[in-house]
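Need the complex rebuilt from these two chains, each delivered in its own frame; the hints are there to steer you.
Sequences listed follow chains A and B, in order.
Heads up, the first sequence is in the working numbering, so the first residue is 1075 and it goes up one at a time.
Heads up, the second sequence is in the working numbering, so the first residue is 1294 and it goes up one at a time.
One or more of the hints may lead you astray.
In silico DSSO-like cross-links for lysine-lysine, where the CA-CA straight-line distance does not exceed 30 Å [what the hints assert, rightly or not]:
no., chain 1, residue 1, chain 2, residue 2
1, A, Lys1112, B, Lys1399
2, B, Lys1380, A, Lys1185
3, B, Lys1399, B, Lys1380
Not close to chain A: a few residues of chain B, all C-beta gaps over 10 Å, as computed [to be verified]:
no., residue
4, Asp1312
5, Ile1354
6, Thr1370
7, Thr1422
8, Glu1423
9, Ile1432
10, Leu1474
11, Gly1560
12, Asp1562
13, Glu1612
14, Glu1665
15, Asp1733
16, Phe1744
17, Gly1776
If you are wondering where the hints come from, they were derived from the structure by calculation, not from laboratory data.
Ideal Cβ positions, reconstructed from N, Cα and C, are used throughout, including at glycine.
Okay, here's what each chain looks like letter by letter:
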Amino acid sequence: MNEILDDIVNGRGDMGQIDMLIELADTITNTALCGLGKTAASPVVSTIKEFKNEYIAHVVDKYCPTGSCRGLKRIEIIEEMCKGCSKCQTVCPVNAITGQRKEPYRIDWAKCIKCGKCLDACHFSAIVEK
Amino acid sequence: MTKTQKYMKINGEQVPFTDEKNILSVVRKVGIDLPTLCYYSELSVYGSCRMCMVEDQKGNIITSCSTPPKNGMEIRTNTPRLKQYRKTILRLYLASHCRECTTCPKNTSCKLQDLAIRYGIDKIKFDKTEKAYKNNYKIDNSSMAITRNPNKCIQCGDCVRMCNETQNVGAIDFALRGYELKVCPAFDMPLAETECVNCGQCAAVCPTGAITIKNDVPAVWKAIFDDKKRVVAQVAPAVRVALGEEFGLEDGENVMPLIVAAMRKLGFDEVYDTSFTADLTVIEETNEFLNKLEQGDKLPLFTSCCPAWVKYAEEKHPELMPQVSTCKSPQQMFGSLIKAYDKEKNEKDGKETVVVSIMPCTAKKAEASRDEFITGGNHDVDIVLTTNGLADMIYESGIVFKELEPEALDMPFGMYTGAGLLFGVTGGVTEAVIRKVIKDKSHTNINNIKFCGVRGMNGIKEFELPLEDGNTVLKIAVVSGLGNAEKLIEKMNAGEAFYHFIEVMACPGGCVGGAGQPFGLMDKKKLRADTIYASDKQTQMRHSDENPILPTLYNGVLKGRTHELLHVHYPVHE
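Excised from the complex, chain B in its bound form (with noise of 0.2 Å):
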């Protein structure tokens, strides 16, 4: 069907538009940045920020986010009274937020602060009122991953609306009245004690710096500084393709050899890739999978990467964990292990090996500090960095990151296959499977998986895969958002489809839009997924069976140990 041509005028412009959703995306296309605090293309509208205000042809004002584009309709971004009500919004915005920008952790990202910046609001004017800021909300830093200062929001929803409709978690909503309005957990509870799966969306999209990420760098380089630990780091696979951004570098690039020249410089003793233990999850997972499938065991069977997942599993769907594999999570696979294996070592040398593990992820520092993943008192995983943690040592040792030379990981553990690369985005967990179920792995054989359905950024994914041996078809879904998993579940509880394998990542577009990282919306995900296909395609090894490293370890320090140290069994609460 062809789209129909309409026309309407933006500031005495006449400007063509088809099926956009609101006037706010005609206006941005045409190179207009409309200012806008809660209003998200991948959220609903909301419209409670006022700032994307336009004026039509009457004199009224319209936000242009909540109102469709009419065809011969006039309309103007930037009138007098406009500019007027804009400033006088902001003034009462800034009236009753924070204003210590210097020690806030969003300084210098913060929407608030750029868009005062930007309306060149001087003079406050309304700080002398009941609702002015006077700091009297409790910092909540329970939880592992997330830290909540309600002294800094602006009650602009973009939170609770990504954790109800988009996660379907609902661990943050509004409370109370009039001024007295407030985000916060059911009963105003401390975050760690809510049903909240620590995906961190809700800070990614927070404005201001009232949900932030924990900040973990001082304990990396407390390490760093102390001879006496060995700091192993493993680094996810979407962290290189979303670092590069931070530092200017082009959307998506790869940057591991950067990377791994950075950490060199920051002090780093050994750089690893957790690519590497996703081959390890591959082999793992894979036999759990047609192990079940022989046994004729309850399927589907749900992958384990995603802690956050995990926890909403955990929390809102028990009966479901006993089909949740028991593979540990990349990051984890690669504690216990990295542990193993240094252990004679270390005893030699009188050393402590601290994990710390670089990701794009937030869930992955509350799965880190998990009671399940102690050996002997200690956490296998000692600390988690996020994407832009790591980027904050970098711009604090004064690396200039652009002009690095690439240097290579180290080995055995910086060996990995194109297979543990695409743990790093949606659909990648299951294209490793497949490829180590198949039989033929010929180069061209395992190109041409991508074309079963696997791939792309939608939110679920469902096809069928004919095994080799002509009997079996396997059913298999991958979905990415929590809000999607349920939908899923939904599905199948209600008897409309079943499945044999479901990959579910918690994060829209799996891990490389993963709080952690750089912000981005869709377009951005997209170049990094390309990047990350882009580079599986460019290694010599494509299926995980082929890593050479993983023989000598199942001979070696995984011998008879497997389980432990491969393996979890999360606690069922009914």
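Bound-form chain A, shown alone (with noise of 0.2 Å):
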């Protein structure tokens, strides 16, 4: 269950997969040996049952309502603000920014770590975050 919801909160679940998650707390709660396993699932019954619209969100329009989920966060430069000034390019621990000088820098989203550095290293507000 925890690797189905590690998926969801990365944008790489879908539909079925809530309906697997049911199943499973349905089975872990009625058959587990032990009384902490027959409890464990709850908070996830919970969370679908009062928020089923937010679970959608996240696997059909891989949107977090909250912004809370850093994986389905998306920083982005926007070209016509960016002044090509490489201060996001030196603070980026990852090295996912990369570009010419003078010129709109790109951010690499497969190397990204949604850290927010660059953000605050931004003189120009160019970068944001969606």
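Printed below as a string of structure tokens:
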């Protein structure tokens, strides 16, 4: 279940996985040997019950309504506002930002860990979080 | 005391029960086979597999193996919820389990495979998870008898309980936690380097192919197809009463004549009976016992026929080793005897004798490979097959076992007495020794021995036997199951008991319940034992002294060499 939730908050989920979560939670709640096991799935069950629309937003729109899921965030450089100062490239801890001076820089999302360092570093508010 | 009749409702039907220990046995009694992976009536209840769940009248899901039946209880065994849970749980099992069924030694006899078919599992669903099967574990084939493949383990704990509770060996246990949980020897050592006694009972109860018996069939085929090899087979007493089950004959039927016919068709050159060397063991062991008794040596004398027991004594009670009989086991006696007997013939023909034993036992595989049983660089017994191994050969060759015409054993080593035959069942060695010790050897007197307490499937049998001289009363104990042996040894060490003679067989029920046999619980083992006793009654010769081949051997090949060929001294490790 933990792995399925990981998938969902990182944008790898699909609708089938929500059903799978419900099925697993039901099985575990009713068949677990120990009392801890019987209650372990409750938080997941109640969140699915009360916040199903948020689950759907995560798996269908790949969007986190509260902005808490780092995996679903995307940091972008707005090309028109970027002056090409290279400040963001310097602070990026994983070398995800590349580009030529005086030209707009780009973020490689495969490398980006969404730490937000570049957001703080940019003097021109050219970097935004979506 | 009369048992009070109580009633419960199973799927709406009123069902009586008395003192069943769990709901599961009540349900099975009324003809509903609830699935289980971790439950054996002879092991303690564990409740880990969650397959035997039932729903009670309040809609609670309970495991039937660990819940005692109550008067007035109402349960259902097959509701939509239960079906769904069983399927989900099976899917989870299958997700982390190797699914290469066609190449698995347990193919068609695997409980997990069986349940997957029963519940129509067509999709695994959870096969992308971290716990999913990845073939991560190394296969441990260090042991001569047992192969461990942790990739196929479903962590039901059957083997662990068998090894720890029934056998008191404790060679394997659970290690680590959560996703990493696995069953392995301490420190994940190779099984061969642990205190494992090779009894194979873990493999017998393993529902999947995680613990299996080493397959030596290819080596036998190789020997059979080699013209330079004289392939001599010995068939142990317990094999004949179990092999028939595999081929759809009646449980416990004596199929020795069919085994001989099948083995000749398979290409074995000579087929003999281990009961013959069992007779030899009786003579040697009784002489050793009477000598010790006369000279006042330290008693009890422990039997040495069971190699798992010998290994157990070596590992856990080295101080008892001097009291374990020096007689080789019948299998090893046969090996050394036949190789000495064939020596001249082989030199003339330019052939080499290969001894193949068909045993109900897995520990015999390890016994045959021990250093003590190597003569001139060759093992006395070259290859050991289990009963199931022989069945595999018969299947492979296409021989239709049921339709074979019965054939007789080869001579001279196919000659045996009823006493030798008894070695297949717990108490058999003792009964055979008693037959040699008593003076009045009339049929009636021999038949009467069975009332002294030597027979039966109890794990510990203790009885007294007054000798005819009127002075001595022999105190004898017969145990099967190593856990029972441990109990007896503890009792002796505490000074609460003294015995003259103790027979130990590692497997519950004796060799008929060996791990190399088709799987059977106590009721099946009892049928096998009954057949051995019935077959013994039909033999013309009931005690080992009567075996007409033995005098010629003692005057021939054994002359001056009895100690060399029939006895062994295991090194005592401090």
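**Structure-inconsistent hints, enumerated in ascending order** = Violated: hints 1, 2, 5, 7, 8.
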